[in-house]
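**Q** Using the sequences and the hints, build the whole thing.
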Amino acid sequence: MNALIIDDSKAMRTILRGILVNLGFNVLEAADGREAIEQMELSTDIALALVDWNMPVMNGFEFISEVRSSNVYDGTKLMMVTTEAEMDSVIAALEAGADEYLMKPFTTEAVLEKLEILGISSVE
Amino acid sequence: MSVKQPIAADEFQYVSTLVRERSAIVLEVGKEYLVESRLTALARTLEYDSLSSLIRELRTKKCPQLVNHVIEAMTTNETLFFRDRHPFEALQEDIIPDLIKKRADSKKLTFWCAASSSGQEPYSVCIMLREHFPQLLNWDIQFICSDISELMLKRTREGIYSQLEINRGMPARLMVKYFLKEGATWQAKPELREMITTRQLNLAGQWATIPPCDIVFIRNVLIYFDTTVKREILGKIRRILKPGGTMLLGGSETTIHIDDEYERVRAAGSWVYRVAS
Ligand SMILES: C[S@@+](CC[C@H](N)C(=O)[O-])C[C@H]1O[C@@H](n2cnc3c(N)ncnc32)[C@H](O)[C@@H]1O
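Line order of the protein sequences matches chains A and B.
Take 1 as the starting number for the first sequence in the working numbering and just add one per residue.
Take 1 as the starting number for the second sequence in the working numbering and just add one per residue.
Since the hints were made in silico from the structure, they are not lab data.
Note that the coordinates shown come from a computational prediction; the quantities given were computed from them, not determined experimentally.
One should not assume that every hint holds.
Claimed, not checked - To be clear about the criterion: a stretch of chain A counts as covered by chain B if any three or more of its residues have a C-beta under 8 Å from a C-beta of chain B, and this derived list gives those stretches:
no., stretch
1, 14-22
2, 95-106
3, 110-122
As the list claims (entries may be wrong) - Here are the simulated DSS-like pairs of lysine-lysine, each with C-alpha atoms no more than 25 Å apart in a straight line:
no., chain 1, residue 1, chain 2, residue 2
4, B, K177, A, K104
5, B, K189, A, K104
6, B, K31, A, K104
Every residue gets a Cβ at the ideal spot worked out from N, C-alpha and C, and that includes glycine.
**A** What follows is the structure, given as structure tokens:
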């Protein structure tokens, strides 16, 4: 199963990749929302996207809003992973269609526990 | 003081005996590293110049406050919201609907969370109740949260969680609904905090103030005790469970071969315990 990590920090992408690879995901990466949309169009079977908020070109909030503007990607779980930690940001992301929200900094356990909320523990 | 000193064998012996007497927590040989690291941190906080001088004072003066600090330091308070998920599904799908039927006349329910640590477990239960059983809002619900640690009980009453804590197991949708952001922390709303009461209770001591219960949560605490203490505690819980009541244990805990008067029942992917009739 494919997962997409969208973050402009390569270091952050590497950390998250390690966690998702351990769960058995095939991991794709994008450095901004626009690149991520292109990746989504190429490989339709993305089960999970981890989405940073603040990125150049297209930010994570815009990405989520665009992805959720049609029902093409209803099967894709979207989790914000961001330093934005205000109540209003969390509410805005959920209203735009994020399925979960994880605040940076996080521990590996916290990522796994959030994924469990989304019904993802490991993939075959 | 900055470097961690190894603990001497007699010091370890003294601390482990004290901790066992006061809390039933077993610190076997091999756990020296744990005592060392926890008590070194405590010595630093309390401004002793070494781990040895803290232990010396403990031995000579036996000051109750210092003893409490040591017991608190030796408890493991690790917890998270909706820990293991399945028990909460069992409550939602099975245990609570069943109790609502059984207690329809009295409209009274009593819950006890017997090692509530910093409160994530009882608040998870409260959130689940509010989300799925609005009809219980006008029932008389008593939810007692206890722990040996006063510090943990204070945290439970306050319901204030760091970002790292709220990140763990709390669905974002429920976080924004049931918590308020205060600076860098998240506090459970009054409607949740009002649902619980706290009291200090040593599971290995007297339980004078615990009433008959419909549900007892005693999760991830029996693991720290020896079989005799576990058996004693399980026996006492059996006697305070109301007919039709349920006990929930942690994922690695069981009554099997310890107290066989419990019936182990499967509920929504998790094992729960009832008194065999
Ligand atoms: C690992 S936490 C479990 C928290 C929660 N029940 C859970 O499952 O996430 C264990 C708790 O047991 C408490 N504890 C340890 N010994 C105890 C005793 N003798 N009586 C009451 N509580 C005790 C500790 O203070 C700690 O908060």
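**Q** Hint by hint, which ones does this structure get wrong, listed from lowest number up?
**A** Checked against the structure, the hints that fail are numbers 1 and 6, while the rest are satisfied.
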